[in-house]
Every structure is written in structure tokens, then in C-alpha cells.
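Asker: So the protein lines, in turn, are chains H and Z. Position 18 of the first sequence, counted from 1, bears residue number 17 in numbering that gives the first Met the number 0, the numbering being contiguous throughout. Position 1 of the second sequence, counted from 1, bears residue number 0 in numbering that gives the first Met the number 0, the numbering being contiguous throughout.
These aren't lab readings, by the way, just hints derived from the structure by calculation. Incorrect hints may appear among the rest.
Below, computed lysine-lysine pairings styled on DSSO-like, alpha-carbon distance capped at 27 Å [claimed, not checked]:
{"#": "1", "chain 1": "H", "residue 1": "122", "chain 2": "H", "residue 2": "21"}
{"#": "2", "chain 1": "H", "residue 1": "120", "chain 2": "H", "residue 2": "351"}
{"#": "3", "chain 1": "H", "residue 1": "97", "chain 2": "H", "residue 2": "61"}
{"#": "4", "chain 1": "H", "residue 1": "318", "chain 2": "H", "residue 2": "411"}
{"#": "5", "chain 1": "H", "residue 1": "1", "chain 2": "H", "residue 2": "56"}
{"#": "6", "chain 1": "H", "residue 1": "349", "chain 2": "H", "residue 2": "381"}
{"#": "7", "chain 1": "H", "residue 1": "406", "chain 2": "Z", "residue 2": "96"}
{"#": "8", "chain 1": "H", "residue 1": "333", "chain 2": "H", "residue 2": "120"}
{"#": "9", "chain 1": "H", "residue 1": "336", "chain 2": "H", "residue 2": "21"}
{"#": "10", "chain 1": "H", "residue 1": "120", "chain 2": "H", "residue 2": "1"}
{"#": "11", "chain 1": "H", "residue 1": "316", "chain 2": "H", "residue 2": "185"}
{"#": "12", "chain 1": "H", "residue 1": "262", "chain 2": "Z", "residue 2": "134"}
{"#": "13", "chain 1": "H", "residue 1": "224", "chain 2": "Z", "residue 2": "96"}
{"#": "14", "chain 1": "H", "residue 1": "316", "chain 2": "H", "residue 2": "351"}
{"#": "15", "chain 1": "H", "residue 1": "180", "chain 2": "H", "residue 2": "381"}
{"#": "16", "chain 1": "H", "residue 1": "351", "chain 2": "H", "residue 2": "196"}
{"#": "17", "chain 1": "H", "residue 1": "262", "chain 2": "H", "residue 2": "349"}
{"#": "18", "chain 1": "H", "residue 1": "224", "chain 2": "Z", "residue 2": "39"}
{"#": "19", "chain 1": "H", "residue 1": "185", "chain 2": "H", "residue 2": "351"}
{"#": "20", "chain 1": "H", "residue 1": "120", "chain 2": "H", "residue 2": "35"}
{"#": "21", "chain 1": "Z", "residue 1": "96", "chain 2": "H", "residue 2": "97"}
{"#": "22", "chain 1": "H", "residue 1": "224", "chain 2": "Z", "residue 2": "7"}
{"#": "23", "chain 1": "Z", "residue 1": "96", "chain 2": "H", "residue 2": "262"}
{"#": "24", "chain 1": "H", "residue 1": "262", "chain 2": "H", "residue 2": "35"}
{"#": "25", "chain 1": "Z", "residue 1": "96", "chain 2": "H", "residue 2": "398"}
{"#": "26", "chain 1": "H", "residue 1": "411", "chain 2": "H", "residue 2": "396"}
{"#": "27", "chain 1": "H", "residue 1": "130", "chain 2": "H", "residue 2": "351"}
{"#": "28", "chain 1": "H", "residue 1": "180", "chain 2": "H", "residue 2": "336"}
{"#": "29", "chain 1": "Z", "residue 1": "33", "chain 2": "H", "residue 2": "224"}
{"#": "30", "chain 1": "Z", "residue 1": "96", "chain 2": "H", "residue 2": "411"}
{"#": "31", "chain 1": "Z", "residue 1": "25", "chain 2": "H", "residue 2": "224"}
{"#": "32", "chain 1": "H", "residue 1": "409", "chain 2": "Z", "residue 2": "96"}
{"#": "33", "chain 1": "H", "residue 1": "56", "chain 2": "H", "residue 2": "35"}
{"#": "34", "chain 1": "Z", "residue 1": "39", "chain 2": "H", "residue 2": "35"}
{"#": "35", "chain 1": "Z", "residue 1": "134", "chain 2": "H", "residue 2": "224"}
{"#": "36", "chain 1": "Z", "residue 1": "7", "chain 2": "H", "residue 2": "262"}
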Amino acid sequence: MKIGIFQFAGCNKCFNETILLKDVAEYDIQRIEDPKNWNGDAIDIAVITGYLTADDKSIVEKIQSNSKRILAYGTCTTTGGIFGLAYQHGIAIKPLAKLISESEIPVENIHGCLGEIEELKEKIESQAFSKSKSLCSICSRKSTCAYLDEIQRQVDVQEDEEACFNDFGYMCMGYIATECKENCVKSGAPCRGCKPKVDRPGIRMLGMFGTLMGNVEVATEATGKGGTDKLADEDDDMTEAMQDVTGNFFRFSLANSVLPIGKIPSTGSIYSDIFTGRLIEEIPMIMGQLGGENAISLTLDILTAYETGANLSVSDKSKELREKLLALEGELQKAIKSQDNSQFADVSAKIKQISGNMNLSNLFFGGFRTPVEAEEDFDSYKSEVFEIEAGDYQSGKVKYSIDEQGKIIKFKMEA
Amino acid sequence: MHNSENKKEHNVIVFMCDECGQGAAKTAGVARLKYDTAVKIIRVKCSGMVGPIQIMDALNNGAEAVGVIGCCFNACHFFNGNFLSMHRIKLMKILFKEMGYSDQMINHYTSRAAEGETATGDFEDIIERLENAEKAGGTF
Numbered sequence: 000m001k002i003g004i005f006q007f008a009g010c011n012k013c014f015n016e017t018i019l020l021k022d023v024a025e026y027d028i029q030r031i032e033d034p035k036n037w038n039g040d041a042i043d044i045a046v047i048t049g050y051l052t053a054d055d056k057s058i059v060e061k062i063q064s065n066s067k068r069i070l071a072y073g074t075c076t077t078t079g080g081i082f083g084l085a086y087q088h089g090i091a092i093k094p095l096a097k098l099i100s101e102s103e104i105p106v107e108n109i110h111g112c113l114g115e116i117e118e119l120k121e122k123i124e125s126q127a128f129s130k131s132k133s134l135c136s137i138c139s140r141k142s143t144c145a146y147l148d149e150i151q152r153q154v155d156v157q158e159d160e161e162a163c164f165n166d167f168g169y170m171c172m173g174y175i176a177t178e179c180k181e182n183c184v185k186s187g188a189p190c191r192g193c194k195p196k197v198d199r200p201g202i203r204m205l206g207m208f209g210t211l212m213g214n215v216e217v218a219t220e221a222t223g224k225g226g227t228d229k230l231a232d233e234d235d236d237m238t239e240a241m242q243d244v245t246g247n248f249f250r251f252s253l254a255n256s257v258l259p260i261g262k263i264p265s266t267g268s269i270y271s272d273i274f275t276g277r278l279i280e281e282i283p284m285i286m287g288q289l290g291g292e293n294a295i296s297l298t299l300d301i302l303t304a305y306e307t308g309a310n311l312s313v314s315d316k317s318k319e320l321r322e323k324l325l326a327l328e329g330e331l332q333k334a335i336k337s338q339d340n341s342q343f344a345d346v347s348a349k350i351k352q353i354s355g356n357m358n359l360s361n362l363f364f365g366g367f368r369t370p371v372e373a374e375e376d377f378d379s380y381k382s383e384v385f386e387i388e389a390g391d392y393q394s395g396k397v398k399y400s401i402d403e404q405g406k407i408i409k410f411k412m413e414a
Numbered sequence: 000m001h002n003s004e005n006k007k008e009h010n011v012i013v014f015m016c017d018e019c020g021q022g023a024a025k026t027a028g029v030a031r032l033k034y035d036t037a038v039k040i041i042r043v044k045c046s047g048m049v050g051p052i053q054i055m056d057a058l059n060n061g062a063e064a065v066g067v068i069g070c071c072f073n074a075c076h077f078f079n080g081n082f083l084s085m086h087r088i089k090l091m092k093i094l095f096k097e098m099g100y101s102d103q104m105i106n107h108y109t110s111r112a113a114e115g116e117t118a119t120g121d122f123e124d125i126i127e128r129l130e131n132a133e134k135a136g137g138t139f
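Could you put together the complete structure from these sequences and hints?
Answerer: Next up, the structure:
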């Protein structure tokens, strides 16, 4: 079976993951890093990874007309994904199914950030996905579904390991998500819905969370035109608590949502468009999701920038584990360079052991969110509760500024 | 009232609950109160049924503004549907602002069944806010 794997713009984490397809002997794999100059040989299955814009239309159409099936692998291709957050700043990122005509060859979606290689194999073999339950149904945390009196943010790290994240107000998107391999919830980070189970996930989640917030104070005023009370425009507990609705509910689905394209002026770079407006507690995981093969070093840059700037203490044990991760990143890059599938699988497994998953959900300010397997004394490398301090922070390749609410107002990343 | 010849005809969807909302609209009708022809009323059992999905469907299918009118606070005929829809609309307002649009196209009101002016007053406010949003260039 001839399979062509095409990498468009983006973080190439999904593209690298497809090295693991080498395990299957009957697949004849072509890896195309530069789809623009592809020779156009006939193939059985085209696998598209990375995010797409209108400029890619003709290239993808050429791929579609030369293949029998077309697969979108990873959330960037299926819904615009994490890069789709730039839609807020007027960058028209297009999900594959909205870019090309599906009348002859329909697009088959494999959602996920990182896309799951097992599901890609299942799709190639035309089997049904083996994982189809909702994330909530397999989650070890239990929800009370009670109305929330207040909304907490992840900077107030919770000790309770049995209560649902939504009971704190962390806005976990498990309600609309399918069970997954990355399982950020297991690593102590609320789900952001990279594997949606329903259509229009962001707007549904917004409605559901609006209901959950039933007890939070909202400002009202008299209409003054013979009417009675109405919703007021002034700031209240709700606006105070919800600093980034777009980034939390539409993390992976903004470019595929029912919302019109954003009117916020672009900052000129897609990375700063994605990060501007996000919250300090969310950016390590966002970097883990879009950092590609440099995700570990870039995420650590984000963490150390704030830790040194705001004088957060980091224990020796945490530093030691982070060093280990950095070394593993080097090994992973070597495996990618030599296209060594067994080494790639080995190193990935070691990274996951420390960071929880390839999105590095377990990494947080001051340490780790959940205990690392085979490491004792969790208290010696546990993440910290911290106060938000406005200011400019810089470390390694990243530089950012945050305001009093912890919102990113400026972001710069060296290429 | 608003449709003098030099004014643009608007298209506004108002979801009104079957209890106080519709009650106020009926009272307004009995009293022959006038309101803008742009307003198209959709009757719902409770304003708590209306959420972002219905509002976005209306906006994406030609409505320029959407209003939701429920019972007075603490007077929902079910439990607290009016509060729930109000919270959802507040969240949507935050979202619209974050995307660079005006938050004046979506609004939440309450009305009294015994007073028709409460409904027509709300309609007037919806149109006025829509016009403000248009002036500011924040509509879809």
C-alpha cells in the first residue's frame, strides 16, 4: 500500500509521529516535507499533517486528485487546531474539509494533538476507532455538577485529586471530548478538547459552563425604557473570573467554529498571535502542544522565564527531572533525523514517563503537577501555588509580558 | 416607531419565554402598543432553553441582533432558567469582545406579564444597542 505523508506548516509533531508507521512492513511510505514541489505520483492514501491556509488549496487538490483516499491527521489539519487560535487575529486557518471539495473523495479525520498513531493505523486499515467513549466516562475524577459559587484558576493548584476540575472552575472540556492517549487530565491538567466528540464543541462548552456558573454574581441594571431589569455591561465577578474565553473553550476549534473571523489586529507573527491573550497558567501546555521537536526546551524556557522573573523557587529534584527531559529531547531529535522508529518509540516512552504525555501536561511552574512514575517523594518536586505578578519575562528563546490578570500582552519567540 | 423612511430596516430575533415574556407581549398587544417591525419574536417555553447554539444560529442566518427575554429575577416559573440564559449571554459577550466584535448585539432582559411596556421597552433597547454596535463597526 502506497502511503504519502505530507507536512504543511505547523509544529511537525504529528509528522514525526508517523515515523512509527514504519513498524508495518506492507506500508510503502513516502514522506514529503515540501508538498509544493511534490512530483505527483499516484498513491493509495494521502495523510495530511500541519495547518492549512487558502494558499495551500491548489497543492492539497493536487494531492487529492492523485490519491484514492485522503486522511487529515492531527487537530491542526482536522479543525485548525492550536494554530487556529490565530483566527482571533484575522489569520484565516482552514480545516482540510473546508478547504477542498469532498464530493468525490471525502476527508477522513483523525483528531488529536498529538494525533494518535494507533488511530491512524486503524483509519488506514478502514477499521472503526477502538476508542470512542467520552473522556468524562473514563475519568477518575468525579463531578458533582453543582452550580459554582466562584471560579478558580489553575494558579491556585488544588490538592483534591478526586473532584472534577469543573467543580473548581478550571473549565475542563472533557464533556465534549473523546477518550485519548494523551490524557492531560491524568497529568493534572484540565482537558482542552483536542479530540472533540461533538460538532461545535467550543460553543457547546460555553453554554454548558454558563449554566454551571449559575450562582456567580452578574451585574444587572434597570432598562429605563419602561422595562424591568436587564444584563448590565459593567464588569462583574464573571468578567473577573473569565479572562480568556476564546483560548479556553476554543483552544482547538476556533478556526472551525461558528464564530466569524476575529477582528483583533495581527501582531505580524503567528506565534505571537496565538499566545497574545492567553493566560500565564495555560502557556506551558500551549507551547508543549505546538513546539514540535523543540517542545521541551521551549516549554522549559517559558517556565524558567517566569520562575526567575517572579522569584519562584524550583527544587533540585525538579531541576534534575527537567535536565533529564532536555537530554531526552536531544535523543528524540536524533531519532527523527535518522528516521529510527524503534529509538523514536523508546525515547517517546521515556519522555511520557516524566512529562505525562507528549504535550508535557505534567510540567508546571515550580515543578510537576502529578507524581512521576518511579520517582519517590512527590513533595520534593511538586508545582507551586503562585501569585500573578505583572511584568516582562525572558529566558532562552522566549520573551513575554503579562498584565495583572496574568494575560499575555506581548509574546516573542526566536525562530 | 423606528422605521421612518430614512432608516435601515433591521432584522432582530427575540426569544421570549412563554410565561412573563409572552405575557408582556400579549399585554402590549391588548393595549395596542407599537414596536419596531424589525423584531421577530420566537416563543420558547423558558428563556433557560436559549443558549449560544440558538443565538449563533440566528446570527449566522441573517439576524443582526438577538435578545432573550425571561421572567423577572427570582420569578422564573420553572426554577432559574432566566439566570442561566443570562449567564450564558454574559459569557458570549466576553467572547465577542475577545474576538474584536461588539457585545451589544446580544442582550438579556426580563419583563412583567402585567405591563406591556416592559416588552416594548426591551425591544427599543435592543434596536438602540444594535444601532450603537453598527456605528462602532462591531457587527458581523
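Asker: Work down the list of hints and note, for each, if the structure agrees.
Answerer: Hints, verified against the model:
1. H/122 <-> H/21: holds (16 Å)
2. H/120 <-> H/351: Holds - the C-alpha atoms of residue 351 of chain H and residue 120 of chain H are around 21 Å apart, at most 27 Å.
3. H/97 <-> H/61: Distance of about 16 Å is within 27 Å: holds.
4. H/318 <-> H/411: Cα-Cα ~25 Å, so holds.
5. H/1 <-> H/56: Satisfied, since the Cα-Cα distance of roughly 23 Å is no more than 27 Å.
6. H/349 <-> H/381: holds (19 Å)
7. H/406 <-> Z/96: Distance of about 15 Å is within 27 Å: holds.
8. H/333 <-> H/120: Satisfied, since the Cα-Cα distance of roughly 24 Å is no more than 27 Å.
9. H/336 <-> H/21: holds (14 Å)
10. H/120 <-> H/1: holds (14 Å)
11. H/316 <-> H/185: holds (21 Å)
12. H/262 <-> Z/134: Holds, at about 16 Å.
13. H/224 <-> Z/96: Cα-Cα ~25 Å, so holds.
14. H/316 <-> H/351: holds (18 Å)
15. H/180 <-> H/381: Cα-Cα ~24 Å, so holds.
16. H/351 <-> H/196: Holds, at about 25 Å.
17. H/262 <-> H/349: Violated, because 43 Å separates the two Cα atoms, which is more than 27 Å.
18. H/224 <-> Z/39: Since the Cα atoms of residue 224 of chain H and residue 39 of chain Z sit roughly 19 Å apart, the hinted pair holds (cutoff 27 Å).
19. H/185 <-> H/351: holds (12 Å)
20. H/120 <-> H/35: The hint holds at about 26 Å.
21. Z/96 <-> H/97: Answer holds: residue 96 of chain Z to residue 97 of chain H is near 26 Å, not above 27 Å.
22. H/224 <-> Z/7: holds (22 Å)
23. Z/96 <-> H/262: Cα-Cα ~10 Å, so holds.
24. H/262 <-> H/35: violated (30 Å)
25. Z/96 <-> H/398: holds (26 Å)
26. H/411 <-> H/396: holds (8 Å)
27. H/130 <-> H/351: holds (20 Å)
28. H/180 <-> H/336: holds (25 Å)
29. Z/33 <-> H/224: Distance ~14 Å between residue 33 of chain Z and residue 224 of chain H Cα, so the pair holds.
30. Z/96 <-> H/411: holds (24 Å)
31. Z/25 <-> H/224: Judged against 27 Å, a Cα distance of about 18 Å means the pair holds.
32. H/409 <-> Z/96: holds (19 Å)
33. H/56 <-> H/35: holds (11 Å)
34. Z/39 <-> H/35: Violated, at about 50 Å.
35. Z/134 <-> H/224: With a Cα-Cα distance of about 21 Å, the restraint between residue 134 of chain Z and residue 224 of chain H holds, given a limit of 27 Å.
36. Z/7 <-> H/262: holds (24 Å)
Against the hints set out earlier in the document, violations occur for numbers 17, 24, 34.
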